[in-house]
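Trainee: Chain by chain, the residues run as shown.
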Amino acid sequence: MTEGSDKKQQLLSAITQKFGEQFITEQVGCGRVLTFWVAQTQLQQVLCYLRDGPDKYLMLVDLYAVDERLRQHTSDQPNCDFSIIYQLLSVQHNFDIRIKLALIGDYPTAASISTLWQNANWYEREIWDMYGIVFTGHPLLKRILTPPTFVGHPLRKEFPCRATEQPPFSMNEEQLEAEQQALKFDPADWGMSRQSADSDFMYLNLGPNHPSVHGVFRIALQLNGERIIDAAPDIGYHHRGAEKIAERQTWHGFIPYTDRIDYLGGVMNNLPYVLAIEQMAKIEVPERAQCIRVMLSECFRILSHMLFYGTFAQDLGQLSTIFYLFIDREKLFGIIEAITGARMHPSWFRIGGVAQDLPQGWDKMIREFIDYFPARLDEYDVLTMENSIIKKRTVGIGQYSSKEALEWGVTGAGLRATGMDFDLRKARPYSGYQQYEFEIPTADNGDCYDRCWVRVQEMRQSLKIIRQCLDNMPAGAYKASHPLTTPPMIDKSKQDIETQIQHFLNVSWGPVMPPAESFVAVEATKGINGYTLYSDGSNTSYRTRIRTPSFPHLQMIPHLSRGVLLPDLIAIIASIDFVMADVDR
Amino acid sequence: MHELVTPVIILLILLLSAATLTWVERRILGLWQDRYGPNRVGPFGLLQVVADMIKLFTKEDWIPPFADKVIFVIAPMIVMIMMLLGFAIIPFSPQLQIVDFDNGLLFFLAISSLSVYSVMLAGFSSNSKYALFGALRATAQMISYEVFMGLSVMGVVILSGSFSLREIVEAQSEQWFFIPQIVALGIFIIAGIAESHRAPFDLPEAEHEIVAGFHTEYSSMKFGMFFIGEYLGVILISAMIVTLFFGGWQGPFLPPILWFLLKTSVFVLFFILLRAATPRPRYDQLMSFGWKYMLPLALLNLLLTGAYRLWTQ
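Residue numbers (my numbering), protein chains in the order written: chain A, 13 to 597; chain B, 470 to 782.
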């Protein structure tokens, strides 16, 4: 911790010296993330300095806005109506930095940074879509998550949160027609031409209902024969407004929603959320709970990778792998069900621990599985990874370098396939990951094949971690005894009135978190999944920002697909491993 | 009467077995992929075939408004008719063959070339982009592989000295042709898969890339005809493999017709196994594989067989 604060002080003084104290204001109390406010005039320079300067904050991890107008506890920040937060990551130093920009006015304007980071493009579109903040200099400021005909900006505080606050929804024939017309792809909007000197281009609408776009993802392709000239991804078909829902649910009540962000990640999604709350509430989680969390998270990593593996082979035309993997998935889901009572979305982690203790006989089931699965993995290696057609289809396809990966905000297996061993479980261990022995598999080429290979190896490492959990499961409580633990341990609340009241409040009204900001990211199945929580001292979150890995990954598709053939695009899409719920939230 | 009854019976049996093959394929795939397949309707799910037929016949027969109606309707018929015609020359047993052309083999090649029209016309008349992709792929793929298919069987023709399938079978009484013509067999099988566009060469209908390819817009029994046509194609190619390389009806103990059916079933199963096992190559890889490896190999085989023949005479 001290090392982190030293680093923070050094960096902050370097920046203040360079840009002048009047422009830089530090905000304390944001955990280990260095946070400061910067004047609008200096923003570009500060970002440039951080990106190109000595510390190389090469990755724009997240970019989002907060509607500050209704916030009560604002003593530690400048007066503003909206704030935009630029979160940068230096992989080299394993250090986060958060730059905040204060904006005044109902529909303020900010300068676009899409020239500095490629992936800022979509993030800025999202902010415009959600808040109506205009970015000057943005190449294509269109709606991204909501439909093109949408009226209003949903994450603004005046936008109604519940359907009951609005008139009933209806759609007549004309509106339907208008909606459909609005969805028509016009190449001119994207700056694409209809023909070149020697050929007319074909525009192919791939999705939102296409067998291999893994959900409702639409991508309009500019084609010359089967060769892709350009691509225009269209997302938002799976947008549920999870971040808005978070502002009306209690802290506890939002947990089930997190399960469905990356719907293959199960309880792994709960983890960053409850960790962020625990950081805010300063709850110490007992060791047993931590170990259970790690074990289940790794189970879900395997489950998610299994599905990836199967669909990857399937998208390349190999039908059988997915059926074998589904049988293995069934086995593991059976264990998950025995432990948590649910299969894909257990919502089983709680603020301060997990929902229940492990059932009797859990260790036998887990042991059976981890003894059984490695042999199967070896079999699939022969079936799929060593198959020469698979290699021909994927080696050298969709290749990118580490530099490109950082520039586009790629994390997870996609980053590790380029040779970078950045894994949050090792880089900044959470939930006791420092106690486990495992390796970070990396590959060198950064192509479709390597991305799959890395995931296959990760399954083996996850098995290793699960075995360690199994052999060293600590005894003790499965939930903390902190008053904000929700729901609190019932045995204590039967003893005295104070804990009884606390119990009653936590389960009825919901726990009240102290005003704070917290950010926790975990190495989720698909990359870095981070929750930034803003508490304004109430029973709901003031703002919940969900940083999902798939969002920037998907943005990279046009970059990867230019010049390849249509089947290669399918291989690229398959190798990225995204779920649309994770993109759209 | 006899000349009329036999073809009709064979026709019915063929249609029935093509329909049953849809069930066989799903059950066998199920077996290989550790799952059940259709096992609910009737004993072992056998009536699934009937259920599917009822479904296909009673579904709305929809012709997209943007399609070219006449060609759209004709296209699926072509494939079925061509595949059925192809069986006319197959010698099922010494007694059972609808017609024995002197140049039966050429007839077979002509028939399988004509079936390209079905796919091509279906794709073009659908007037949809995915169907167009499918048609383009299918046309290029089938025409290319036609070449190697034709060249590969010439070795058999040289050895037997005849284009008549019956004579080719009879010429194998001493030794089945797959032994001297092992290379040709490989080429013929690969070309046969490409011709019937089955996995792994199912690029014209690769669902993960171009949805359903040339039959994307088809529904009801018109889709059913493509479907049956594909399975007839599988049976036809298997029957041809048996006739050309595995001695046709010949074999000890069992009656000839049984031998023929047995050998054909083995290759049908092989086709299904391929689908369970292999991924799909990319379109350009498939084409370059054909022209860069298959063609020289087929030519070389032809040359060597010819030389051998001249030398032994």
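If you are wondering where the hints come from, they were derived from the structure by calculation, not from laboratory data.
For clarity, every value in this text was computed on a predicted model and none was experimentally measured.
The reader is advised that the hints may include incorrect statements.
[Stated by the list, open to error] Estimated spans, in silico, between C-beta atoms of each pair: (1) B:I523 - A:G444: 54 to 64 Å; (2) B:L484 - A:N236: 56 to 66 Å; (3) B:L481 - A:P268: 54 to 64 Å; (4) B:I523 - A:K376: 44 to 54 Å.
[As the list claims (entries may be wrong)] Below, computed lysine-lysine pairings styled on BS3-like, alpha-carbon distance capped at 30 Å: (5) A:K476 - A:K504; (6) A:K415 - A:K403; (7) A:K403 - B:K598; (8) A:K196 - B:K598; (9) B:K761 - A:K403.
Every residue gets a Cβ at the ideal spot worked out from N, C-alpha and C, and that includes glycine.
Trainee: Hint by hint, say whether it matches the structure.
Mentor: Status of the hints after comparison with the structure:
no. : hint                        : verdict
1   : B:I523 - A:G444: 54 to 64 Å : 60 Å, holds
2   : B:L484 - A:N236: 56 to 66 Å : 43 Å, violated
3   : B:L481 - A:P268: 54 to 64 Å : 58 Å, holds
4   : B:I523 - A:K376: 44 to 54 Å : 48 Å, holds
5   : A:K476 - A:K504             : 37 Å, violated
6   : A:K415 - A:K403             : 24 Å, holds
7   : A:K403 - B:K598             : 29 Å, holds
8   : A:K196 - B:K598             : 16 Å, holds
9   : B:K761 - A:K403             : 19 Å, holds
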